[in-house]
Each structure stands twice: as structure tokens, then as C-alpha cells.
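Asker: Chains as they are written, first to last, in this note's numbering: chain H, 1 to 146; chain E, 147 to 292; chain Y, 293 to 372; chain W, 373 to 452.
Source of the hints: derived by calculation from the structure; they are not laboratory data.
A few of these clues could be false.
No farther apart than 20 Å at their CA atoms in a straight line, the calculated lysine to aspartate or glutamate pairs in the EDC-like style are these [claimed, not checked]:
| no. | chain 1 | residue 1 | chain 2 | residue 2 |
| --- | --- | --- | --- | --- |
| 1 | H | Lys122 | E | Glu155 |
| 2 | H | Lys122 | W | Glu442 |
| 3 | E | Lys268 | Y | Glu300 |
| 4 | E | Lys268 | H | Asp26 |
| 5 | H | Lys122 | H | Asp26 |
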Amino acid sequence: MATVRVQAEAFEVSAEMAALTAGRVDVGGIGCFVGTVRGADIAALELEHFPGMTERAMAAIAAEAEARWSLLGCTLIHRVGRLVPGEGIVLVLAASAHRQAALDATGYLIDWLKTSAPFWKKEFRADGSHSWVAARDADDAAAARW
Amino acid sequence: MATVRVQAEAFEVSAEMAALTAGRVDVGGIGCFVGTVRGADIAALELEHFPGMTERAMAAIAAEAEARWSLLGCTLIHRVGRLVPGEGIVLVLAASAHRQAALDATGYLIDWLKTSAPFWKKEFRADGSHSWVAARDADDAAAARW
Amino acid sequence: MYFAWLRERLGSSSERVAMPLDVSDVAGVVTWLRTRGPAFAAAFVPENRIRCAVNQEFARPDQPVHANDEVAFFPPLTGG
Amino acid sequence: MYFAWLRERLGSSSERVAMPLDVSDVAGVVTWLRTRGPAFAAAFVPENRIRCAVNQEFARPDQPVHANDEVAFFPPLTGG
């Protein structure tokens, strides 16, 4: 029931929601999170990942969420390559009969996606300099809550 | 910063997200919830509201969320009139620099929207019979958590 | 003003009424409404959990009501 | 396989290597890699919190490593 994708292209939230719920009348709520590239201080991000392992890790996270909450489906899309401020990096959708399950699963999915899917960000500044983004301990703590 | 709307027409999630974050580079995450009409057992819903008070109540809920979390904006759209299973009834968006604020505010907004904005649902079944939906105590409990 | 099933059962969505002089709060309005006939008496009972708004703000039973106030009664909310 | 800054610093994204016979787990692979030159010795230090995956599953230092296993090293994850 889970859709998991790594792609260079932008995602379209409405289209992904429509695909998730197509033909269903048992969905009562869809939780959604879109992570976006933030920063007046950066010119671009470049996202690297570990092809193969990434999809496995994302599918495992989705399966865990579907086991914990009674989801009717979920969608995880993560972009790779070059992105500029304002663009969406990651999309999480979780559909359920009830809103609380949809919202809780959305939080779980994004927390775990951040800490257990092999992606790495490199920041490019306006002056051309660049550096790899350091991991935040807060992310590990957020994932450990669940 | 809040957009609050009561409308008969369907909403378009991508367009509302784009409007919420237009021209911004300080948004790191957008939390979103879409409530949909559920039920193989119903043919349609009809939503009534209290014009004037509804918009005031929605604006008050949005202002409270913006005061509690450092939101960069939020959107509340609630539909009225006749809706069929699968259609979206309510849209909540909350944009923040950080994902936790965006997700928490999204949960807060939908919980309070359910319990303190004057909307009432009437269900129409396939046999033409209809009845007003009874309020769920669980909704009051969910809102009281915050 | 009346909404949802309350509106249907009372057969009216809004009316302009002159209240007795001793009616000074929401509880007083309800007591007076219940004297207006069987539909009112049956609707305004505790188990129906009728809610009230005065001038479009939620109001408790002890909320004062003045001349020209807009008083609305409705069932528990079921939006979202 | 090496990812992110580790890949850049080691100047290689993947290589096929024959490991000494006494290397049997992830910790052993790291100890051996550190002997391969200053770039390796400087990268594989505790404060860099290098993570490992064996055959595309996260692996701890005591995870066994066999011939033909795919072993990947990378910095802490920063996706999402």
C-alpha cells in the first residue's frame, strides 16, 4: 500500500494525494508533511543518496508505520540532486480512517525518514563555497520518541 | 498571516501550499491535514454553518496557533454544502521554519476546528434517508489535550 | 437564530423576539423559549446539549443578554 | 562504498578490496582501512561518527563481514 520514490523531479502534492486515495471511500483524513529548502543564506542544496539502500530503508519505514497505525496507505517521496530555496525536498502522506492515526503516522514517517534513510545534504552558498550539512542530534531524539 | 475561508468549491492542496509559501525562503516545513468524506454507507454529506461566526471562530483558532508556535503562516479552509464520499471537507496548512512546530500546529488546528467552529453535518444515505451527525466526545477530548 | 436539527425541528432559522423584562441571561432565554410550545420544550433539554452564542461568541448559561443581542442556539458542532 | 564528504575526502565512491583473513567484522574493516593512508586514518575517527551498512542494512561494529559483502561507510544522515 506504500508508495516510495526517490526522484530528481519536483513532486506535486495534490496529484500524490489523489493517487493515494483514488477510488477509496474509507479514508477520513490524510496527514501530510512537505519539507522545503530553507535559507536566505544558501544558494542551493545538493542531495546525495545511496541508491538501493535508500529505497529499502524508505520501504521499511513505511511498513513500520503501516504496522503501528491502521493506515489505508502512505507515500514517501524524497528528492535528490540540486534544489534551490523554497523547493520541496521531501513529501510524506499518510491516509487513515481517522485523523489522529494519519497525523501521528505523518510525524513518525518524517522523523524516521530523517534519521534512517541514507541521504546527505551539501549546501552551496552565494559566494560559491559549499559544505556538507552536519547531522542534528535533535533529529535522532525526535525519531527515538516513537 | 492566516488565510481562513469557508467555501462550497473544492480546494486544491498544491495551490494553497504555493500561496502560503509564495516568495518565502524561511519555510522549512509545511504540515497539512485534509479531512475527507468517508463512508460506503453514505451517499452524501451536507454541511451547514453559521456565517460570520464561523469565520470569526476560524480566525481565532488560527491566531491562537500562531501565538503558540512560531508559524510563518497557516491556512484553514472548510467546505460547506453538499459533498460526496472521497471529497475533501477541510484543509489545514501550517508553515514553519521547523517541522515539529508545523506538525504540532497542524494537529492543534484540526482538533480545534472540529470542536469550536460552528459547522454541522447531515448524512444522506443511499435509500434517501438522512440524519444529523452526532458530536463525538473524542473530538472534545482531542482538543482539550492542547 | 437556530442551526442544524434545532432549526429543522423548530421550523425557523431566525426570529426577532421581544423578551420578558426579567430575562437577563442565556439561561433565562432558554427558560422562556421552553414556554413557547412543545417543540421548544422538547428541544431545550439538557441531554440535547444545546450550545449558545451571543453576538457570534460562544456563551455560557450565565452570559448576560441585552436588547438587540444576536442569540444563536445550536447542537454540538460536527465540522471538520 | 563511500558517501558524502567521506567519498570526497577519500577520492573514491567504491572499490573492490581483498581484506586480510583476520578481518571478520565491521570494526575489523575500519581498523584495516585506517592503515591504508592518512586520509583513511583521519576520516575513520570516533568524532566523525561514521556509520556503516553491510549489504544495504545498517550495521554495528560487531556485525560480521564475509567475502563479497557490500560494505558502505558514510557520515550521519542529513535527509528530509
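Asker: Run through the hints listed earlier and report the numbers of any the structure violates, in increasing order.
Answerer: Failing hints, ascending: 1, 2, 5.
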